[in-house]
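Chains as they are written, first to last, in this note's numbering: chain A, 25 to 147; chain B, 25 to 147; chain C, 25 to 147.
If you are wondering where the hints come from, they were derived from the structure by calculation, not from laboratory data. Do not rely on the hints blindly, as some may be mistaken.
One copy or two, it doesn't matter: identical chains are merged, so the pair holds either way.
[As the list claims (entries may be wrong)] DSS-like, lysine-lysine: derived pairs with alpha carbons at most 25 Å apart: (1) Lys112 - Lys67; (2) Lys112 - Lys147; (3) Lys147 - Lys136; (4) Lys136 - Lys67.
Spelled out, the chains give:
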Amino acid sequence: MRFLDSGNAHEWAGTFTADGVFLANAHPEPQSGREAIRTAAEKTSAQLAEQGIQRRHWLGMLEVEEREDGSVEAHTYALIINTVQGGKPEVLLSCSCDDVLVREGDGQLRVKHRQVYRDDLPK
Amino acid sequence: MRFLDSGNAHEWAGTFTADGVFLANAHPEPQSGREAIRTAAEKTSAQLAEQGIQRRHWLGMLEVEEREDGSVEAHTYALIINTVQGGKPEVLLSCSCDDVLVREGDGQLRVKHRQVYRDDLPK
Amino acid sequence: MRFLDSGNAHEWAGTFTADGVFLANAHPEPQSGREAIRTAAEKTSAQLAEQGIQRRHWLGMLEVEEREDGSVEAHTYALIINTVQGGKPEVLLSCSCDDVLVREGDGQLRVKHRQVYRDDLPK
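Just chain A, same shape as in the assembly (with noise of 0.2 Å):
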């Protein structure tokens, strides 16, 4: 979430697979594959520069459990803080997050499914 919030979309994008997908309940279509994750967070962090908002992602509670086939099941909770330059803090959204990784070979740890939900909204 480091790259997300410094602006780096296309290192966070590397934080997926390839042919990773991102759900969220707040979105009707998947974002799917590593591209088209990088071209939806380019885009948000291009409207969130132009309004001097510094945006952090928190994830905490976190439960992790390796499954059978070597993947990793891991479970946040997660809150979405906005703060506009000269301004206070917002708490924006709360929401969990449900993430499947899997060991990629360069040894690193990717997301292949990342499930969120906004509490705000119906799950």
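Fit chains B and C to the known structure of chain A by using the hints.
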């Protein structure tokens, strides 16, 4: 806390010992025993469901110490965040939490004693 | 941060090396040395106590790296939350924090250099 936040009062109460005690500076009386803890959690969960609120308990700033007798002291900060369907998240309460956990016959650590202090009330 | 939040400026300053430096984009001048850090913390603690405010510093999203020379870089996000007696919690500030820690003769890691950036101010 995930059990509590998902409305699973039974499993949440199961994270306490059968004789577990829950004290809070917000309540004049302690909740003594897993049954009392479960009953209180069920009541709160039902109220939140009726109001369409997703509550999240965030624990953080964990400090852990093993004691001579094998029990464990755990100290955390806690944030309680409410999100109503269609609404914005609200940081409802900031608290601190002091736990004593014991390892039971099945190998699980359970809370024998929990003291929660709301920051807005006298300690 | 627990030392600071409980008004224990002396012990908090003891988490820095004697020549520790504390920089913040909110302050024109660095705090140089444990004494200066302690004095500033005491002043803030006294003000908060007078106002009946319980402040909490939450650190999260920790990223740690050991350097060649044995020192440690630690990067965190930080939230500062104020609760006044009888009031609601306020998310006062969202920040990021870059620390360099060194292990001293007594085996303790201490902060040699801390740089805090408030998200609402230019970096």
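Going down the list of hints, with the structure as the test:
no., hint, verdict
1, Lys112 - Lys67, "both (24 Å within a copy, 23 Å between copies)"
2, Lys112 - Lys147, "between (30 Å within a copy, 16 Å between copies)"
3, Lys147 - Lys136, "within (21 Å within a copy, 34 Å between copies)"
4, Lys136 - Lys67, "within (22 Å within a copy, 39 Å between copies)"
Going through the hint list in order, the structure satisfies each hint without exception.
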